[in-house]
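When you get a sec, could you build the whole thing from the sequences and use the hints?
The primary structure of each chain is shown beneath.
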Amino acid sequence: MTGSGFWSVARAVAWRNIHNFFSNPALAVPALLFPMFFFTAFAGGLSRVDQVPGFDYGAGYTTFVYGFVLLQASTFGGIFTGFSIARDFESGFSRRLLMAAPRHGGIIGGYWLAALTRAVFTVTVITVVALIAGLEIHGSGVDLVGLYALALLVNTAAMLFGTGIAMRLRTMQAAPAMQMPAFLLLFLAPVWVPYDLLTGWVQTTASVNPITLMLEAGRGFLAGDPTKVLPAFGVAALLASVTVLWARGGLRSAERAA
Amino acid sequence: MNRSTLALQVAVLARRSVVRTMRQPAMVIPSLVFPLLLLAINSSGLDSATRLPGFPTDSYLQFALAIPFVQGALFSANSAGTNVANDIESGFLNRLALTPLRRVALMMGQLAGILALGLIQAITFVVIGVAFGSGIAAGVAGALVIVALSLVISLGFGLIGAFVALRTGTGEAVQGVFPLFFAALFLSSMALPRNLIETDWFRTVATWNPVSYMLEAIRSLVITGWDGEALALGFACAGGLALVALLAASSALRTQMLRT
Numbered sequence: 001m002t003g004s005g006f007w008s009v010a011r012a013v014a015w016r017n018i019h020n021f022f023s024n025p026a027l028a029v030p031a032l033l034f035p036m037f038f039f040t041a042f043a044g045g046l047s048r049v050d051q052v053p054g055f056d057y058g059a060g061y062t063t064f065v066y067g068f069v070l071l072q073a074s075t076f077g078g079i080f081t082g083f084s085i086a087r088d089f090e091s092g093f094s095r096r097l098l099m100a101a102p103r104h105g106g107i108i109g110g111y112w113l114a115a116l117t118r119a120v121f122t123v124t125v126i127t128v129v130a131l132i133a134g135l136e137i138h139g140s141g142v143d144l145v146g147l148y149a150l151a152l153l154v155n156t157a158a159m160l161f162g163t164g165i166a167m168r169l170r171t172m173q174a175a176p177a178m179q180m181p182a183f184l185l186l187f188l189a190p191v192w193v194p195y196d197l198l199t200g201w202v203q204t205t206a207s208v209n210p211i212t213l214m215l216e217a218g219r220g221f222l223a224g225d226p227t228k229v230l231p232a233f234g235v236a237a238l239l240a241s242v243t244v245l246w247a248r249g250g251l252r253s254a255e256r257a258a
Numbered sequence: 001m002n003r004s005t006l007a008l009q010v011a012v013l014a015r016r017s018v019v020r021t022m023r024q025p026a027m028v029i030p031s032l033v034f035p036l037l038l039l040a041i042n043s044s045g046l047d048s049a050t051r052l053p054g055f056p057t058d059s060y061l062q063f064a065l066a067i068p069f070v071q072g073a074l075f076s077a078n079s080a081g082t083n084v085a086n087d088i089e090s091g092f093l094n095r096l097a098l099t100p101l102r103r104v105a106l107m108m109g110q111l112a113g114i115l116a117l118g119l120i121q122a123i124t125f126v127v128i129g130v131a132f133g134s135g136i137a138a139g140v141a142g143a144l145v146i147v148a149l150s151l152v153i154s155l156g157f158g159l160i161g162a163f164v165a166l167r168t169g170t171g172e173a174v175q176g177v178f179p180l181f182f183a184a185l186f187l188s189s190m191a192l193p194r195n196l197i198e199t200d201w202f203r204t205v206a207t208w209n210p211v212s213y214m215l216e217a218i219r220s221l222v223i224t225g226w227d228g229e230a231l232a233l234g235f236a237c238a239g240g241l242a243l244v245a246l247l248a249a250s251s252a253l254r255t256q257m258l259r260t
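Chains as they are written, first to last, in my numbering: chain A, 1 to 258; chain B, 1 to 260.
One or more hints might be untrue.
What the hints assert, rightly or not - With the Cβ distance kept under 10 Å, some of the chain A side facing chain B (calculated, not the full set): (1) PHE37; (2) PHE38; (3) GLY54.
I should point out that these hints are in silico values taken from the structure, not numbers from a laboratory.
In this text the structure is predicted, and so the values were computed from the model without any measurement.
For glycine and all other residues, C-beta sits at the position ideal for the given N, C-alpha and C.
Structure (structure tokens):
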């Protein structure tokens, strides 16, 4: 079996998933709507928070919030792809796919390409809205490459995490098991204020939350003051590696059940 | 049809509505857990906002305690709408239409489930808020008024959920409008007092948004004590919403029964 078998499966799966995403508003709209809600509510409703003593982020509150929403959109772009996989199992499509595909790894590859496409679309729309709303990017081109590369790594890890769950449980009822850990990790990070201004148990949790590192690195790129870049990429790459194994285990479980 | 028959019809349907709601942990538990989770995260994550000049309290927990009551009501809208949609999809409403049941009994019966869920939510949120150190400035009587207002808010949003279900006949449509309810909460004075919202358009939207006044009425009882104006506005907005939603849901029920 050659690599072309892998890519032909990946292309077909990706095309179908991307086509479904863009032709079904019930899939595309929530993916856009939720990050937009958060961006609007935080950047608009909380903008005065940057006047709190100790809030030391030079690029402004809209940019500070954009750093979070970018990561959120990337994460949920991956998680929502996990939902699509679960839906494909419920409809019986995945069972047929497992029987027909010459390289099963290509199935995960296809969903990964779809997740990246969905994330790029969502992030593009949110970035345009954020620019209109006053997003200030102080970082250079290289910083932006770092920012979006980090976002895509997070998207990949989230997609692989969702894939592992969807392929093991093979039902849409698994959605909360994909969504809740992602939601908790995201919101137990310095979402509204810098880490130093967090208090109580949220600060303790944020100190060991890997999302904190990525959020701070992302905001550093936006402010033109890269910070914690290597640890952030290291943790993101580690998460992606671990979730690759998790997704492969899920695929094996699905193969046994098919 | 006499009053005792109507009361019996309401009682039977109310019992069914309450039992059905309480037997669905997937409806009850998230409506308690998610608002409390958000409260826990917000109160720690945004505590530094209390250092802003003009912030009404030095505890963000006290400020944010109003949010779960409205957020819980949004879950009531979802569960009420889903229950009504299930009745339509399963044909239960069709079978009821063949009986001498009065529409008002059906509507009042459906509301019982919303109110029971709303009562559990309100008591839970008050108890947990107080247990974690948020005093209620208006005292025990104030806590009772919070519960009463919370029930009116649950009723209002629950009736909107029922209206959507009766109008469309599907649970998917109810799920589809759920994000709009959240938009109403997010575009309000949820996170900061209106006078501290810096962005002009956001402050304008929050000022026109009735959810702001519901939050501010509860907040006034928690933070400042008895504030007649805030309470009047809060009850007027919640009651007005409930009344409009009741009229709309009644009209949709009439249409739905005629189709049957």
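**Asked** Holds or violated: is the Cβ of PHE38 of chain A closer than 10 Å to a Cβ in chain B?
**Response** 8 Å, holds
**Message:** Is the interface hint satisfied for GLY54 of chain A? The criterion is a beta-carbon contact with chain B at less than 10 Å.
**Reply:** 7 Å, holds
**Minimum beta-carbon distance criterion (10 Å), PHE37 of chain A to chain B** = Given a least distance of 5 Å, the restraint on PHE37 of chain A holds.
In this structure, none of the earlier numbered hints is contradicted; all agree with it.
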